[in-house]
Every structure is written in structure tokens, then in C-alpha cells.
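Colleague: Guided by the hints, dock chain B with the ligands onto chain A, whose structure is given.
Line order of the protein sequences matches chains A and B.
By this note's numbering, the letter at position 142 of the first sequence is numbered 142, and the numbering carries on one by one without gaps.
By this note's numbering, the letter at position 162 of the second sequence is numbered 162, and the numbering carries on one by one without gaps.
Any given hint might turn out to be false.
No farther apart than 30 Å at their CA atoms in a straight line, the calculated lysine-lysine pairs in the DSS-like style are these [unchecked claim]:
#1 K178(B) - K124(A)
#2 K124(A) - K181(B)
#3 K178(A) - K178(B)
#4 K178(B) - K9(A)
#5 K178(A) - K9(A)
#6 K181(B) - K178(A)
#7 K9(A) - K51(B)
#8 K51(B) - K91(B)
#9 K178(A) - K124(A)
If you are wondering where the hints come from, they were derived from the structure by calculation, not from laboratory data.
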Amino acid sequence: MDLLAIDVKGLFKRFGDLVALDGIDLSIRRGECVGLLGPNGAGKTTTLEILEGLQVPTAGEVRVLGRAWATDADALRQRVGLALQETRLVDLLTVRETVELFASFYARPLPVDEAIARVHLEEKARARVGTLSGGQRQRLAVAVALVGDPELLFLDEPTTGLDPQSRRALWDVVAGLKARGCTVVLTTHYMEEAEVLCDRLIIIDRGRVIARGTPQEMIASLGAGQVIELEAEPAPSDARLSEVPSVVAVQRQDGRLLLRVGELHRALPAVLREVEGVGGTLRHLSTRRPTLDDVFLGLTGRSLRDEKEKAA
Amino acid sequence: MRTNPLVQLLLMRLRLLWRNPGVLFWTFVFPVVVSMVLGTAFERDVLGPVKVAIVDGAGAQALAERLATEPELAVLRLTAEEAHRQLSQGKVAMVLVPGPALELRVDPSRPEGRSARLLVESALSPPSADRKRLRATPVSEPGSRYVDFLIPGLLGLSLMSTSVWTMALPLVIMRGGKLLKRLGATPMRRGHFFAAFALARGVFALLEMVFFCAFARLAYGVPMVGSYLAFAGVVLLGATCFGGLGLFAASRIDSDESANGVFNVVTLPMVFLSGVFFPLERLPGWARPLIEALPLTPLNAALRGIMLEGAGLTTLAVPLAVLLAWSVVFYAGALRFFRWV
Ligand SMILES: Nc1ncnc2c1ncn2[C@@H]1O[C@H](COP(=O)(O)OP(=O)(O)OP(=O)(O)O)[C@@H](O)[C@H]1O
Ligand SMILES: [Mg+2]
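Isolated chain A, as found in the complex (with noise of 0.2 Å):
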């Protein structure tokens, strides 16, 4: 048995002048959950969905659980499970009705109660869809990817506006289906989501892999123990903070500085000093763990948190 489910070698895709993806190599086990992240536009939702059979690369080689699209469609759509960045369903249907239509479907499906049991809208069973609030439809479409029983499953941004105990309860069912050897791949704008859920993260910029390993891996390749957040009136320069010792890197966000350092406790008194010298007032100043925000500061210019606002 192909002990990957997804492998992808320099995956191309335009859309007229646009290259959307640009030589994309992905290699995905089985039983892994795979996290893509990256600011809007990067190409994540191009890449699930040619992985999911519905657009067409214009070149490069993807071999799904052992096959192509091209020649296995039919049995393909019978293990995968998705669900995608946005589907209206139909508002007259209630959610009971709804998951029983696909779950018709599928050779194998889950019992219709127990999908939407997974999704924990046992109390919405019997309500139309249009009556939903934007979080329990995006529950629903979870319930449908999963009502299939799927072996792959595909998440585009499937906790985009939804409230943090809704999120988390998605968190449960996604380490469920792990739990089960289901491999899952998904999209996501908030980092702590990526860091609980995803063994594996791929960060995607301009249709490029510019970052891939484990979410303890990336944040080790920053090489900083720590993160100093301070903001000062006025602030010395990032050339001259640079200069310090033990510092990384000296990056801006919302007129705040960030810090990345080796040692703390090297580094903090002299960028004190160097606030000092030039005659600045601290405003603010903390210390924190470096996390994945980082190392997407790092790594594209832009915070996580910045596309996670734009994305709501």
C-alpha cells in the first residue's frame, strides 16, 4: 500500500497572466494532518482543489491516495471527504435532510445522527438551513465532508468566523478523524489552530512553498528563544537595535517593535540602553515565547493575525 496520500510534484497553475500556483511539491503520509497557511491569495484554495479533483493543473503530476484524477475519478470521490472555502446549501432543506442526501451518495457512509452528532448539531437536526447561523452552516459542511467516511478529508478554512468554543469543538473532531487514521488537510488563518491541530504545517506564498516542517521545527528555525514586543517615543533605529547583541531579527508591526533574540537576558538590558540613548519613553515593553505568528512575520513580512482579519 502507497504509504502517501497526497504527492505532488511542481504543481502549476494560471488563470490567463495569473500564475496562481508556481511549482508546488507537496508529499503528504497518511494519518498526518496537514496544515497550509499563507496570506489571502497565496494559493491554498487552488491546491485543495486540485488535490480535490475540482480544477484541472496546468502542469505537474498529483497522485491522490495512489491515483491521478484523470483515471480514478469515480473511485477517488468515494474516499475523499471536503469541505470547501464557502457552499451555500440548500436553504429549504432542513440539516437532517441535507446530510441524508449526501450521505446517499457514498458506498459506506456514516449513520446520518452520528455526522451530525460529530458537529454537535443534534439540536438543529430538524431546523431548515436557512434558519443557521454562518457557524452552524459551516458545522454542517463538516458534517457532510465527513458523512462519507472518508479516508482523505479537505478543510478549507473550516473555522473561519466561527466563536472559540465552536472552534475548539471542530478542534475535537478533527483530532477524532486523526484518531482514526483519516488524513486531513487543511487551511487555516489562526496560528494556535495550526500549532493543536496540524502535525505538519506548509506555509505558501506568491503560489510557493516557502516554509514546510513540524510547528516546533519552525519555530526552532528562527533561532530565538525569545520575543521582545516594545513600543517607545521616540524609537531607536531597527539598523542600530539590530546591532545588539543576541538580537535576530528587529521587525515592525502596528507601529510596535518585535524583537526576536537568542538570550533574554543579554539582550534586554542593552536594548534598554539603546531606548535610553536615544532619548525615548518605553510605552510598552514584554517579553513571550516566539510562535507561529513569528515565524509568518519572518517569513512573508505579514502576521497571521492580519490575514485572519481580513479573512473575517
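Modeller: Just chain B with the ligands now, with coordinates in the frame of chain A:
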């Protein structure tokens, strides 16, 4: 049964139609309302008795009594001046001036004058044993009134618009909302999907037919001269044909606005040209071949033929062939152009 995809898709379609007040209105209420409005507006009045005036004077009383034996005459006794005024205004059809020789005055430009003369003559002629009075029985035959003409045409019109809209609009909405894409990502068989649409349309077309025929029969006494089975067959063929038109027209559209425009463009000309409200004979001759080729024209012809003249399917071979040909064109076009994403 419940896990059969075709059953589930069909249930989805039926639920959607049934739960949509708009669909129910246009399918069931609208044709009834139109036929009530038009059927009443064009109902012809029954002719009343013919009014004649007798100029007062000697012999007027006797004359009036003799004329009273004719029930279709209404006799007024007026002064000479008033009688002539009413004649010139058309309020009476004839003025009788009694005297040694009875004089009848009529306005030669009005047809009632002639009826009045015949009625007066027959009332005044001496009854004779060998000449029995002819008796007329009033007949206003169902099947030949305007409302009889209207009902099958309205059914055709309603079948056309409900078929086009209920096939096409959901597809447009499903495409715009990415639901077609989502369904395309499941193992659903494409054929099941289209079959469910077509079957649901067929069910609703038959309901529409039964409901409308029952209404026409109860409210207007519109007869069904031909066979219900043949009629139902034609209804299904019409629904299939126009469902195909809807499918074809919607094969690429993904927004409501363009859908409205396109569907109106494809259906509106037929509303006025295809003999829904008035017979084709009133249209200029050069346009006839073109109009005969539009799909609603043969549908209306077949529905009228069966309902009013009892035509069999074999006599309707030509219109049915035209409908069938259009169906093939529409479905082939839809299959060729239909986009799931
Ligand atoms: N059908 C299309 N036609 C033309 N351009 C497209 C099409 N689909 C996507 N694109 C373009 O391809 C690029 C990648 O889009 P994609 O939807 O994959 O981004 P994404 O990473 O999913 O972004 P987001 O986080 O906003 O969902 C974008 O520049 C987008 O405008
Ligand atoms: Mg996207």
C-alpha cells in the same frame, strides 16, 4: 430506499418545490387567476329581447296586445316624437305607426331592425294549423367559447414558464453558491442529478394539469373531449421540452440577474406569439411558419386538439414531432454546455 441517491435527490427537488411559496403560486394560483380574469372579461352577453315602440293613437292598444304574444319582443308605447327620438338613438329597433295600413319604420343601418321586422311579422301573421311555430332551443355550447380556447393555452403557457423557471433557477442558485461544485466533488452520478430534476418537474407538471383541468371543469364547464391519458402524455412532453430549455438556458449562468434576463428573452416572445390568448390566424401570414416552429405553438395546438376536439395522438403527429425535436436540441445543448463549477 432512503439511502438510494436518486430517491434522495428526487426528495430534495420535491421538497424544494413544495416548500417554495413562489413555485406554488406560479404553478397553481397564477393560471387560475388569469383564466378567471380573462374568462370573465371576454364572456359574451346573451341577447335580450328586441325593443320596439308603438306610437300612441287609435289601434295602438290592440297592436300591443298582439305583439305581446311574441316573447322575444319588448313593446313600448310612446308619443310619435319620443318614439322617433329613441329610434334615432338606437334605443328601440323599430317604430310601429298604427293606422289603416300599419307602417314600420326602421333605421337601415342597424341590424336589429331586421330582426324586429321578422319578429313583428311572425307575431302578426294569422296562426294557421299547417304552419307550426318554429321553436329554437338556446345552446351556448361548452367547447366553443373564449374561455374554452383560453384554458388549454393557459395550461401550455404555465407549463412553459414553470418548467423553465423551476428547472433553471435552482441550478443558477446552486452554481452561484458553489453547491454544484460541492455536489460534483461527491460520487453522485450526474445522470441521477438531472433525472431527479426531470422527474420532479414531471410530477409537478401532472399536478398542475390535474389541478387546472379540475378548476376549468368546475368553474367554467370546460370539457375534456379527448383522452386524459393522451393529454397527460402531451403535458409531460411539454414539461420535458421546456425543462430542457431551462436546463440549456441555465447551463452556464451563475447569477440571478443574468438569469432573469435570459429566461425572459427565451420565454416572452412565445407568450404573445404562440396562440395563448388569441388564435394564430390573427397574426400576419408571413410570420406563421416561424411561429409554428416555436415550441409553445405545437404544445398549445396539441393541448387544444385533445381537450376541445378529441384529437388522438396520431393526428397530432406533427406538433408532437416538433416538440420532440426541440427537446433533443435543448438536452443536447445542455449536456454540451453545462458547467458544474
Ligand atoms: N477562477 C479563477 N480565475 C482567476 N483567478 C483565480 C481564480 N481562482 C483563484 N484565482 C487567483 O489565484 C490566486 C490564488 O487564489 P486562492 O483562492 O488559491 O488563494 P487562497 O490562498 O485560498 O486565499 P484566501 O486565504 O484568501 O482564501 C489569487 O490571486 C486568485 O485571485
Ligand atoms: Mg482560500
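Colleague: Please verify whether K178(A) and K9(A) have alpha carbons no more than 30 Å apart.
Modeller: 25 Å, holds
Colleague: Could you grab the alpha-carbon distance between K178(A) and K178(B) and see if it respects the 30 Å cut-off?
Modeller: This hinted pair holds, its Cα atoms lying about 27 Å apart.
Colleague: Hint check: K124(A) vs K181(B), CA-CA at most 30 Å. Holds or violated?
Modeller: Holds, at about 25 Å.
Colleague: Check whether the Cα positions of K178(A) and K124(A) lie no farther apart than 30 Å.
Modeller: Since the Cα atoms of K178(A) and K124(A) sit roughly 26 Å apart, the hinted pair holds (cutoff 30 Å).
Colleague: Hinted pair, alpha-carbon criterion (30 Å max): K178(B), K124(A). Please report holds or violated.
Modeller: It holds: about 23 Å lies between the C-alpha atoms, which stays within 30 Å.
Colleague: For K178(B) and K9(A), compute the direct alpha-carbon distance and say whether it is at most 30 Å.
Modeller: 28 Å, holds
Colleague: Has the given pair, K51(B) with K91(B), been kept, meaning a C-alpha gap of at most 30 Å?
Modeller: Within the cut-off at roughly 7 Å; holds.
Colleague: For the pair supplied as a hint, K181(B) and K178(A), is the alpha-carbon distance within the 30 Å limit?
Modeller: 26 Å, holds
Colleague: Would you mind confirming whether the straight-line C-alpha gap from K9(A) to K51(B) stays at or under 30 Å?
Modeller: 99 Å, violated
Hint 7 from the earlier list is the only one contradicted by this structure; the remaining hints agree with it.
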